[in-house]
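Letter by letter, the chains look like this.
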Amino acid sequence: DQQVKQNSPSLSVQEGRISILNCDYTNSMFDYFLWYKKYPAEGPTFLISISSIKDKNEDGRFTVFLNKSAKHLSLHIVPSQPGDSAVYFCAANPTQTGANNLFFGTGTRLTVIP
Amino acid sequence: EAGVAQSPRYKIIEKRQSVAFWCNPISGHATLYWYQQILGQGPKLLIQFQNNGVVDDSQLPKDRFSAERLKGVDSTLKIQPAKLEDSAVYLCASSFGGLAKETQYFGPGTRLLVL
Chain P
1 DQQVKQNSPS LSVQEGRISI LNCDYTNSMF DYFLWYKKYP AEGPTFLISI SSIKDKNEDG
61 RFTVFLNKSA KHLSLHIVPS QPGDSAVYFC AANPTQTGAN NLFFGTGTRL TVIP
Chain H
1001 EAGVAQSPRY KIIEKRQSVA FWCNPISGHA TLYWYQQILG QGPKLLIQFQ NNGVVDDSQL
1061 PKDRFSAERL KGVDSTLKIQ PAKLEDSAVY LCASSFGGLA KETQYFGPGT RLLVL
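Just so you know, the protein sequences line up as chains P and H, in that order.
Per our numbering, the first sequence starts with residue 1, numbered consecutively.
Per our numbering, the second sequence starts with residue 1001, numbered consecutively.
Calculated from the structure, these hints are not laboratory results.
Treat the hints with care, since some could be wrong.
To be verified - Straight-line C-alpha distance at most 27 Å; calculated DSS-like pairs for lysine-lysine:
no. : chain 1 : residue 1 : chain 2 : residue 2
1   : P       : K56       : H       : K1101
2   : H       : K1062     : P       : K37
3   : P       : K54       : H       : K1101
4   : P       : K37       : P       : K54
5   : H       : K1044     : P       : K5
6   : H       : K1101     : P       : K5
7   : H       : K1078     : H       : K1062
8   : P       : K71       : H       : K1044
9   : H       : K1101     : P       : K37
Unchecked claim - Computed beta-carbon distance windows for the label pairs:
no. : chain 1 : residue 1 : chain 2 : residue 2 : range
10  : H       : L1099     : P       : D55       : 36 to 42 Å
11  : H       : G1097     : P       : R17       : 29 to 35 Å
12  : P       : E58       : H       : R1016     : 17 to 23 Å
Treat the numbers as computed from the prediction; the structure is a model and nothing was measured.
All C-beta atoms in this analysis are idealised placements derived from N, C-alpha and C, irrespective of residue type, glycine included.
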């Protein structure tokens, strides 16, 4: 049962344009959301997060938007750079459990074309 | 600061054999996680340790998988006997205290192929 879904396995964007990666979740207990970035042969690295009490969080070129009613979040990268080419995983955490349990999506491979 | 270390990086075994993976977390991190990432899927938590105690092992197939963190630092994950469906990347992660919202830092993973 996939509780976090990333329906686009891949995305190609021209350098300098905006990249938008989408994520949907089904579990209403999720209240903290994260994006991880993964390069080949490396482990995932934390990129940005958002708590369910907010609808937007921005860090430089990266912005995450959360729509709780739609159970949907998105990651915007602008402007996109070739170094952003990687697999991006969306993850969700039901923090009320007190534990730090992450549920991951299946990932979206972003290719930024120079 | 050194990151999460894992070894070996690659392992090929035949089904029904046993295999062990090692993880050394970031120094000072009390919480250690083992994840399984099957090709085309996201990482799935297998087990979480807080120091040398198990916090969550609900997703660990205990008939064949075992893990330990005896001294509360490094950890070993074992599979015995291995099945074809165990082919995956095994990721180790650590966080400072294990509290909700703490960032988890991942190692490079061990890629296992079971033939």
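Verification of the hints:
1. At most 27 Å may separate the alpha-carbon atoms for a hinted pair to count; K56/P and K1101/H meet this at roughly 17 Å.
2. Between K1062/H and K37/P, the direct Cα distance comes to roughly 30 Å. Violation of the 27 Å bound is thereby established for this hinted pair.
3. For a cut-off of 27 Å, the pair hint linking K54/P to K1101/H stands: about 14 Å separates their Cα positions.
4. Taking the CA atoms of K37/P and K54/P, the gap is about 22 Å. The hint holds against a cut of 27 Å.
5. This hinted pair checks out: K1044/H and K5/P have alpha carbons roughly 13 Å apart, not beyond 27 Å.
6. Under the criterion of a C-alpha separation no larger than 27 Å, the hint pairing K1101/H with K5/P is consistent with the structure, at around 20 Å.
7. Between the alpha carbons of K1078/H and K1062/H the distance comes to roughly 10 Å, so the proposed pair stays at or under 27 Å and holds.
8. This hinted pair checks out: K71/P and K1044/H have alpha carbons roughly 21 Å apart, not beyond 27 Å.
9. Distance hint between K1101/H and K37/P is fulfilled; the C-alpha atoms sit about 17 Å from each other, no more than 27 Å.
10. Remark: the range hint 36 to 42 Å for L1099/H to D55/P is contradicted by a beta-carbon distance near 24 Å.
11. With their beta carbons about 40 Å apart, G1097/H and R17/P fall outside the hinted range of 29 to 35 Å.
12. Between E58/P and R1016/H, the C-beta spacing of about 51 Å breaks the proposed range 17 to 23 Å.
Comparing the model with each numbered hint stated earlier shows that hints 2, 10, 11, 12 do not hold.
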